[in-house]
Amino acid sequence: MAVIPMEYGLLLAGILFSLGLIGLLVRRNIVFMLLSIEVMLNAAGLAFVVAGARWGAPDGQIMFMFILAMAAAEVAVGLALVLQMYRQFKSLDVDSASKMRG
Amino acid sequence: MFSLLWLIPTIPLASFIILVFLGARFPKNVTAIFGVGSVGLSALLTILLGLTFLTAPPAGHAYNQVLWTWIGVGNFSPAIGFHLDALSLLMMFVVTGVGFLIHLYSSEFMIDEEGYSRFFAYMNLFVSMMLLLVMGDNLLLLYMGWEGVGLCSYLLIGFWYKESANGRAARKAFVVTRVGDAAMALGLFLLFTQLGTLNIQEILSKASLQWVSGSKYAIAAAALLLGGAVGKSAQLPLQTWLPDAMAGPSPVSALIHAATMVTAGVYLIARTNVLFTLAPPVQTAVAIVGAATLLISGFSALAQRDIKRVLAYSTISQIGYMFLALGVGAYSAAMFHFMTHAFFKALLFLGAGAIIAAMHHEHDMFKMGGLKDKMPVVFWTFLAGSAALAAVPLISAGFYSKDMILWYAWSSKSGNVLLWLAGLIGAFITGVYTFRMVFVTFWGKTKSAVEKLPGIRIKIPLIVLGTLSIIGGFVETPETLGHFVPFSHFLHTALPEVNAFHLGIGTEALLQLIAAIASVGGIYLAYTLYIQKAIHTREAPRGAFATGINRFFFSGWGFDWLYDKAIVQPFLWIARINKDDIFDTIYTGIAWVSRWIHSLVRRTQDGKLRYYAVGIACGAIITIAIAVFL
Chain F
368 MAVIPMEYGL
378 LLAGILFSLG
388 LIGLLVRRNI
398 VFMLLSIEVM
408 LNAAGLAFVV
418 AGARWGAPDG
428 QIMFMFILAM
438 AAAEVAVGLA
448 LVLQMYRQFK
458 SLDVDSASKM
468 RG
Chain D
11 MFSLLWLIPT
21 IPLASFIILV
31 FLGARFPKNV
41 TAIFGVGSVG
51 LSALLTILLG
61 LTFLTAPPAG
71 HAYNQVLWTW
81 IGVGNFSPAI
91 GFHLDALSLL
101 MMFVVTGVGF
111 LIHLYSSEFM
121 IDEEGYSRFF
131 AYMNLFVSMM
141 LLLVMGDNLL
151 LLYMGWEGVG
161 LCSYLLIGFW
171 YKESANGRAA
181 RKAFVVTRVG
191 DAAMALGLFL
201 LFTQLGTLNI
211 QEILSKASLQ
221 WVSGSKYAIA
231 AAALLLGGAV
241 GKSAQLPLQT
251 WLPDAMAGPS
261 PVSALIHAAT
271 MVTAGVYLIA
281 RTNVLFTLAP
291 PVQTAVAIVG
301 AATLLISGFS
311 ALAQRDIKRV
321 LAYSTISQIG
331 YMFLALGVGA
341 YSAAMFHFMT
351 HAFFKALLFL
361 GAGAIIAAMH
371 HEHDMFKMGG
381 LKDKMPVVFW
391 TFLAGSAALA
401 AVPLISAGFY
411 SKDMILWYAW
421 SSKSGNVLLW
431 LAGLIGAFIT
441 GVYTFRMVFV
451 TFWGKTKSAV
461 EKLPGIRIKI
471 PLIVLGTLSI
481 IGGFVETPET
491 LGHFVPFSHF
501 LHTALPEVNA
511 FHLGIGTEAL
521 LQLIAAIASV
531 GGIYLAYTLY
541 IQKAIHTREA
551 PRGAFATGIN
561 RFFFSGWGFD
571 WLYDKAIVQP
581 FLWIARINKD
591 DIFDTIYTGI
601 AWVSRWIHSL
611 VRRTQDGKLR
621 YYAVGIACGA
631 IITIAIAVFL
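Those protein sequence lines, which keep their order, are chains F and D. So for the first sequence, this note's numbering puts the first residue at 368; every next one is plus one. So for the second sequence, this note's numbering puts the first residue at 11; every next one is plus one.
Read the hints as simulated data drawn from the structure, not as lab findings. Note that the Cβ used here is the ideal one computed from N, Cα and C, for glycine as well.
Result set (EDC-like, lysine to aspartate or glutamate): computed pairs, CA atoms no more than 16 Å apart in a straight line:
1. Lys-172(D) - Glu-124(D)
2. Lys-457(D) - Glu-372(D)
3. Lys-38(D) - Glu-124(D)
4. Lys-377(D) - Asp-316(D)
5. Lys-466(F) - Asp-616(D)
6. Lys-618(D) - Asp-462(F)
7. Lys-618(D) - Asp-460(F)
Ranges of calculated distance between the beta carbons of each label pair, as one might list FRET restraints:
8. Arg-454(F) - Ile-636(D): 39 to 45 Å
9. Leu-640(D) - Phe-456(F): 41 to 47 Å
10. Phe-456(F) - Leu-582(D): 55 to 61 Å
Work out the full structure: start from the sequences and follow the hints.
Following this line, the structure appears as structure tokens:
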């Protein structure tokens, strides 16, 4: 079985993370922002898994389980906030929720 | 029997505590039972103790009861302890006896007032503190009582606190007496540092051993104590608070501002008489203060329209007499006048209270009139009190005490003709202003209907005090009139005898005759002016000089104006300009900088979630860069 070099894996993770971050920064729709965060989380998870495979240690995969659990919790809270926000502002635009600006 | 001494101040104190915590839930009659009954019990105990003291005096005519050590720091260990001798017994008798009668009066007088239990709580606290003041065996305990009565005076002057003028009067009384109290505290420090104790008896014995007559410490200590006495007893130059203190209810004026608290200064000087004997200049100052005060406030009383202010100025004037007596070394004469004054002045204030209550709370006596037949009990007792105040010869208590003071002002080795003359002029003026008040209030046409007549609980104190105002003077008669002297004989177990020239009975009789003529002459002048000519009913225009002098006397010789211009206004001015001083700029600077930083940082909180995310990302990148490259 051909071994994929670690650099490729990390590069992929970095590209995914950058895509997520750009998505987070350019989107105004809060649902897409949540999606972008998911991408970033998974990029981080991928980096862990790649690194774990490189050194043959199980820690990377365990860390990925943690990230999955955390992401699930985050989505639960995030979607609840999205629902609330939609009820309050009748919009999914995050810039509409700027009442408490200084 | 003497071991029950501690109960006398404790019973009113206990009643105060009960009334403070539970008084609001008590019905009014229960409050009255606690308030009046506690002072009554104290009075009963005092009488029992007094009888024991008279029939079987303790060794050395003094009894000490030390309850516990109050504070113990090094060699500074004042005790909670009481000293019972003739002087404190007399004071206790007046405080509890007259106090009880005034409480009884108040239980009816204040019945319609909001805060009935609050009133009795304060009054009981006052009685308890006053008893501490006169019974304490050390100056610190005396000082505690001294401040305690000052507090109660403040609370009770401002009893009707919803009127802001009453609050102002209360603050004025508190602040002005505080000037004297500060002097007294300094005197206490001086005595402790020099003599190493605050126990009064030890101070007196040590002072006469360590200090020679006229030494600078004795003069400083006596002068500082005099400062305290002058403040509390409303003497020149701190007398301005007492007329305004009449904002309080009439029983308060009777108890605190006539009979007991304002005479605390007299008690203090009599109690520490050794210090004053050691400081002849200060003792002369006491006499001069007394003489000047009695004249100034006597003239002020002539011009007042408010019946209670007449009485207030006359109180200042009568305490001036007591100071005069103290200044010439006639301590027992001062205490004698203190006792008779407590009777007749409490009576006059209570009578004035009954009149004011009957007149729809009208204080101006020129709007009263013709009350002679409407309120006979009040009239006759008021007349008895006025006779005693004006020192009507032979039949009034005031005559005997005032005559004794005048006689010693002349015959004492530290007295002189000028002091006597001041007292004599004072006696004349007293006659005029007292009977001006009586004639204007009780004679003439009725000007307004009598609203409510006093009930039994008001009448009993009036009658008892009226009787005492007549017969209270017979415990001490001068050499010309029987020479019956149990009172001064009793007091001389605690106070030194007056050091007087023996001028013979003829001189004494002549001086008495002159004094009697002065007071009767004053009354006659009042009779001519206010009954025969009835000048207050005529609308004749007065000359500019008469108007001016009237206004001058009415304002109490302009002392309020002077203090306002000389002290209050400059102080306010300094406070105003000092509001933005150099130290303030530091704090305003700090406030300005933080406000500026705030306005900068505030811009980052623009409510745009994506910019926050950028911020987080940049922060994370910078942190990682630092971690990697450094």
